[in-house]
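**Student:** Chains as they are written, first to last, in the working numbering: chain A, 1344 to 1555; chain B, 7 to 84.
Incorrect hints may have been included.
Here are some, though not all, of the chain A residues that point toward chain B, as calculated from beta-carbon distances under 8 Å [claimed, not checked]:
hint, residue
1, His1409
2, Met1420
3, Thr1423
4, Leu1425
5, Ile1434
6, Glu1552
Pulled from the structure, derived: some chain A residues nowhere near chain B, Cβ distances all over 12 Å [as the list claims (entries may be wrong)]:
hint, residue
7, Pro1406
8, Ser1424
9, Ala1442
10, Thr1480
11, Val1503
12, Val1516
Ranges of calculated distance between the beta carbons of each label pair, as one might list FRET restraints [stated by the list, open to error]:
hint, chain 1, residue 1, chain 2, residue 2, range
13, A, Pro1474, B, Trp56, 28 to 38 Å
14, B, Leu67, A, Asp1543, 56 to 66 Å
15, A, Phe1546, B, Leu67, 12 to 22 Å
In short, the hints are calculated from the structure, not lab data.
Computed from a predicted model, the values in this text were never measured in an experiment.
For every residue, glycine included, the Cβ atom is placed at its ideal position computed from N, Cα and C.
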Amino acid sequence: MADHEQEPLDIRIDSPGREGLTGTTPANIYRPLEDAEQVTIAPNGRPMDEQPAWRTDFPIDWPQDHYVERRDFMKFMVLTSLAFTVGQFWIAAQNWWRARRGQTELVRLASVTELPLGTARTFAYPTEHDPCILVRTGERTFVAYSQKCTHLSCAVVPDVGEGVIRCPCHDGVFDLASGRPIAGPPRRPLSQVQFRIRGDEIFAAGIEERTV
Amino acid sequence: MSVNRPFTRAQRATIVNGMLAFVMMLVVLQLWLLTATMNAYLGGDRAVIWPAAVASLACLLLNVGLLRYLYRIERTRR
C-alpha cells in the first residue's frame, strides 16, 4: 500500500508509445485487489493465503465452498475423461493383438460326402467356445456361420426348406444365404465362417464379423 | 501490457462454471465415442478404432489443459 501511495497514478502520460493518452493508467501499476469476499478467519488468525492447502480445501463460507466443490467435480470429470481414453486405447490394443495373431490355420470341418444336401452340422471354431453351423444348400454350395444369435447369443437353428436361420429365443430370423437379419430383434448379421473346399474336404479358414 | 491483478472469487466461480460445462460436453462426447467404437469393434468394423482413440485423446488433452489453467489461476491468487 505504501508503494502505491508514493507514486502518482498517471506517471506514464506522454511516455513513448502513449503519446496523447492522457488520463489513462496502465493496469499493472495498480496494487492487486484484496479479496473482499474472503470472510473466513482461520483458527491461528493468519490470512487464508498463508494457510496450508488442506484448510483452504475445507472453507467455511458458502461461496468458497461452492467454488471448491465445482473445482473438485471438474477434477473428477477429468479423471473420468482419462478412464474413457484408456478404454478407447484398450480397444485399439485388443484390435492390434488380434491382428498380430494373424490368420487362423485351416481346420477340417467335414467331407462333402458326410453332409447330405439340405442338412447341417455344428462345429466349434476358432475356439471350442465358439459354436458354428455348416449348412449344405446345394450340390456344391455351403454356408457356414457362427451359431450365436447377434441379439443375445442364443443358438440359432437353420431351416433349409424355408431358406432361413431361426433364433428360437426371441423369434429372430436370418437369411440362410447371406446371414443377414430379416425379422425379429437382431440388427447385425451372423458372423460368417470362411471356408475352403479342397477336393472332398471342407476346411474353415477364418471368421468374418460384420456390421451390415 | 499485462494485467497482474488476480481474479476475484466471483470471477473464479464464473470461470470454473464455464470450464465445467465444457469439460462435461467433452466427457459426454468421449462416452459416445467409446460406446460407438465398442459397437463397431464387436461388429468387425475396425476402421474407426484408431481415429476414435485419437479423438478421445484430444478430448483428454483439452480437459487436462483446462484443469491446468484452473490450477494456474489458483496459484496466481496466492
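**Student:** Mind listing which of the numbered hints don't hold for this structure, in increasing order?
**Tutor:** Violated: hints 7, 8, 9 and 15.
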